[in-house]
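Q: For the sequence shown, the working numbering gives the first residue as 88, with consecutive numbering after it.
For the record, the hints were derived by calculation from the structure and aren't laboratory data.
Since the model is a prediction, treat every value here as computed from it, not as a measurement.
Listed next, the in silico SDA-like pairs over lysine to any residue satisfying Cα-Cα at most 20 Å (straight line): (1) 112 - 122; (2) 170 - 122; (3) 259 - 149; (4) 112 - 339; (5) 349 - 334; (6) 353 - 334.
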Amino acid sequence: MYYALIIISVIMFGVCFACNDIYQKVRGNTVKVSVQFSLLSSFAGLVVLLIVNKFKFEYTHYTLFMAFIQYLISIGFTFCSFKSLGVINLSLYSLFSMLGGMVLPFLQGILFYGEQMTVAKAICLVFIIVALLLTVERGEKSKGYIYYAGIFVLNGMTGVIAKLFVESKYPKTSSAGFSILSCLVNVIISLVILAVFFRHKQTPKETAKSLCSALFNGATNRIANYVLLIALMHVEASVQYPMVTGGVMIVSTVISYFGKNKPTVKEIISVGLAFIGMLALFAIPI
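Could you build all of it, start to finish, from the sequences and the hints given here?
A: Spelled out as structure tokens, the structure:
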């Protein structure tokens with residue numbers, strides 16, 4: 088059952104990528120636009136999660152603290168993303184982002200939570216890393232290494248924070264309560280940033296298309312993360328995050344077939360390797 092939840096969340100994350108791409112094409116990728124997108128998507132996520140949780144609002148000081156830390160990580164990741172995309176191409180950016188999102192929670196589970204390092208996990212890790220490396224194009228610029236590291240660490244820390252929250256012994260809310268509070272913190276801080284720093288800065292106007300993509304992204308993304316939090320209570324992080332990384336690669340490639348930029352042969356091979364790596368988790372008993 089919990090593996091099915093992971094698969095559902097992977098599909099939802101793939102859809103989120105498509106929504107994000109639509110929004111950026113309509114409104115651009117300035118810092119103000121990114122904060123506006125964060126505000127809209129977090130608001131949609133907040134509404135959906137409140138409905139899922141039957142409008143039950145939970146609170147503890149520890150949960151608020153973790154929600155604030157998660158927001159800081161998100162802001163740092165966004166900043167590094169903008170800086171890095173100015174000097175490297177999207178394939179290298181995606182490589183560091185996805186590797187961090189997989190490797191750090193994977194190592195966290197093995198090193199700090201007593202999760203066993205098996206042959207299946209090792210094979211899965213190797214296959215997915217090779218698959219990601221195949222997506223790197225030649226001619227990358229040599230600047231901005233600090234931002235590459237930022238992308239790697241901060242995206243990985245998102246999974247680390249989720250694991251810390253699930254395993255914590257401090258008074259805390261449910262997974263739904265944490266997700267709701269995280270959305271609320273995001274909405275409040277985004278509103279403050281827009282009011283204080285970007286009140287008079289002009290950006291392309293919001294359209295029905297961009298608004299729908301942002302709201303749908305927010306609802307889908309928050310539900311996917313909520314589902315992963317539930318699965319994380321029953322599935323080891325060293326299993327879950329390789330599944331998510333490889334799965335998102337597969338879903339994103341399938342979605343790209345319906346867009347203008349069709350996947351290349353190299354990308355299809357990388358998806359095949361990621362799929363083999365995922366199968367290793369289930370097919371190899373040791």
